[in-house]
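Chemist: In order, the protein sequences belong to chains C and W. Take 1 as the starting number for the first sequence in my numbering and just add one per residue. Take 318 as the starting number for the second sequence in my numbering and just add one per residue.
Note that these hints are calculated values from the structure, not bench results. C-beta atoms are modelled at their ideal positions from N, C-alpha and C, and glycine is treated no differently. Hints are not guaranteed to be accurate.
Derived pair list, reagent style BS3-like, types lysine-lysine, alpha-carbon separation capped at 30 angstroms [to be verified]:
no.	chain 1	residue 1	chain 2	residue 2
1	C	82	W	406
2	W	556	C	142
3	W	432	W	406
4	C	138	W	556
Simulated DEER-style distance windows between Cβ atoms [as the list claims (entries may be wrong)]:
no.	chain 1	residue 1	chain 2	residue 2	range
5	W	335	C	264	46 to 56 angstroms
6	C	135	W	570	56 to 66 angstroms
7	C	81	W	335	51 to 61 angstroms
8	C	188	W	606	56 to 66 angstroms
This is what each chain is made of:
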Amino acid sequence: MIAACYTDYPGMLEIEELRKSYGDFTAVHSVSLRAGGGEVFGLLGPNGAGKTTTIHCIGGLLTPTSGHIRVNGHDVVREGAKARASLGVAPQEIALYEELSAKENLEFWGVAQGLASSDLRARIPEVLEQVGLLDRAKDPVKNFSGGMKRRMNFACGIVHRPKVLLLDEPTAGVDPQSRVRILELVRAQAREGACVLYTTHYMEEAEALCDRLAIVDHGRLIAQGTLGELRAMLAEKDLVRLAGSFPAAVAALRLADIEVLQHAEDALSLSVTQAAMRLPEIFGAIAAAGGEVRGATVTQPSLESLFIKLTGKELRE
Amino acid sequence: MKFLLAVARKDLLHIVRDPAGLASSIGVPLVLLVLLTSVFGGEKVTPKGKLLISDEDGSLVSRLLTSAFSQGELAEMIETEKVSTADGKRRMDGGEASALLIVPKGLSEAFLDRKPFELTLLKNPSQSILPELVEEVLSVFTEGGYYIQRVLGDELTVFQSRPTDAAIADISVRLRGVGDAVRTLADPPLIDVKMKQPAARQPVKRTSFGGILLPGMLMLSMLFLSQAMCAEIWRERTKGTLRRLAMAPRPLAGWLLGRVLAAMVVLAAIVGITLVGGHFGLGAEYANPVGLFVWCVFSGASIYLAISALQFHASSDRAAATFTNLLVLPLALAGGSMAPLDSLPASIARIGRLTPNGAAVEQMRHLMAGPVGGDLFVVGAALLCLGGAGFALSLRALRRGFAAG
């Protein structure tokens with residue numbers, strides 16, 4: 001577990017030893033991270049890992065049991081309103097008023113974020129243009145497709161040009177075109193200087209988008225760094241996923257430079273150097289241990305293989 | 318302020334674009350009004366009032382007069398109770414009866430000597446039907462008494478002393494013969510009924526049957542409307558908009574106040590339409606229309622805030638809906654929304670007057686009938702406390718994690 005791993009980024013968002021408990025249950029254990037302006041910081045983890053709880057603590061929805069969170073230099077507990085004024089949020093759910101039009105939604109959320117009327121009037125068409133909904137400005141949101149609603153959800157989070165943008169799985173359940181568009185929008189926000197905290201369980205998204213990443217599981221931060229730093233933790237090993245029948249003896253296999261990451265009766269994941277060259281050796285060892293291989297997939301070192309290596313399970317479990 | 322107005326605008330736009338909830342809030346009481354009108358036209362529902370009688374004369378004539386209210390169908394509508402004048406006035410001040418009839422000493426002598434005489438009837442201004450009924454009945458009997466006096470005056474003098482059985486039998490036979498003669502007489506009666514009501518509540522506006530039901534039905538509309546609008550609180554929570562709002566810099570109190578403002582605008586519209594419709598469509602009369610309008614909106618807002626607080630403290634949206642349903646209907650029934658409190662059994666009416674909606678409806682009736690009494694301010698203060706408590710409890714729940722979900 002990594003308790004703290006600060007980088008040279010100026011701290012637009014600073015979390016120190018964040019802990020959130022509900023009675024005996026601790027949802028977040030001593031999480032520390034720092035992200036700066038112009039950076040997309042990925043927070044990866046499976047459902048229930050503590051990502052949303054962390055976001056809710058940053059947004060002031062939940063009061064941390066211990067630790068400190070500062071947004072743009074303001075403590076979220078002691079200077080809540082000031083901290084929240086620098087925040088923009090695109091929550092996991094489509095948090096919009098569906099009977100209201102796209103423009104009316106932006107007007108409402110702009111006022112809620114403290115944007116002045118004159119700024120708001122100029123900003124609304126600009127944001128609608130960015131998310132590709134300018135021609136639908138007067139349509140009620142309830143008539144939008146799922147992908148359009150997602151983009152609108154994002155638009156309401158950026159209407160006031162936030163310094164820190166919290167995106168909680170903003171591409172959940174959207175079509176590929178909308179996903180690409182949202183990822184472009186996130187990059188644009190970072191280019192404009194916003195600090196983006198991006199939670200997802202899509203590894204490919206995180207790899208494509210994030211400058212730095214933190215992996216959380218069971219409320220603990222288990223790895224943090226740039227994509228390169230994290231890949232290095234795998235020592236350039238490939239991920240080999242096997243399907244078939246694997247008795248307990250297979251889990252105890254001891255082969256040079258091969259590590260068993262995950263074992264089940266019908267599935268086996270291995271971390272292997274130059275896997276393509278060593279597959280015959282692996283199949284032979286499994287057969288000798290009483291197992292049977294019916295299918296195999298070899299993946300280059302990735303966040304997914306790192307996650308499996310660190311947690312012993314797949315991210316979507 | 319800008320945020321408060323933005324919240325109110327958003328809520329009003331939502332109502333305008335999805336008016337189903339609003340329509341049912343108005344439609345259900347309208348249907349009930351029609352149904353109740355039909356039921357009240359039937360035979361089984363009879364309003365029952367209490368008539369206090371202070372018989373200071375204590376003569377046969379006064380007993381004949383006062384016993385008239387305990388006869389036949391009248392006895393089903395009016396419950397009489399003999400009281401002293403002082404006790405009767407005290408109980409009228411407490412609003413415990415529909416009317417107090419005072420028969421002063423000297424009725425018998427005046428009746429037998431064919432001299433003018435005055436009875437006193439004190440009416441309860443908060444009731445509309447039953448005091449009118451007592452007044453009408455009394456008028457009929459005084460007129461009847463006058464005609465008896467004119468036709469049988471000589472024969473009746475026998476009652477000035479204790480009559481023998483033979484004298485009574487003789488008078489009975491003569492009564493048969495003069496029955497038709499009374500129709501030919503048309504002079505004004507000598508016995509007059511003097512009507513009295515508390516000076517502060519004069520003048521009293523008389524209203525139609527629909528007008529009598531109107532305050533209760535309006536309150537029912539406001540209860541349903543409040544319930545429908547409060548359900549939006551849970552909708553905002555489950556949709557995540559409330560959570561998103563809690564992460565914005567504006568205070569949640571602004572959101573709550575904006576909702577109250579929107580509710581008051583809708584209530585004002587409903588009250589305005591209902592009062593105008595009631596006047597032109599049902600013949601309802603309003604002695605103090607502006608005061609009545611303000612009172613209706615104010616009491617509706619207080620009740621809205623109380624229902625809001627209940628919603629915020631429910632464990633789920635279903636629990637909130639069930640809880641408010643279980644509360645609103647009994648409140649409406651006991652609080653005189655389905656039928657005027659005067660017509661309910663005394664025990665239920667007593668409870669009904671203590672409910673916020675029942676107390677508010679009573680004051681609506683007072684405002685319709687005439688100038689306000691001191692109890693308007695007492696009930697107003699109680700409703701203000703209720704609304705204030707509702708707001709404080711709602712805000713506390715919001716800040717303590719309701720918004721976070």
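Chemist: Looking at the structure, which of the earlier hints fail to hold?
Modeler: Structure breaks hints 1, 6 and 7.
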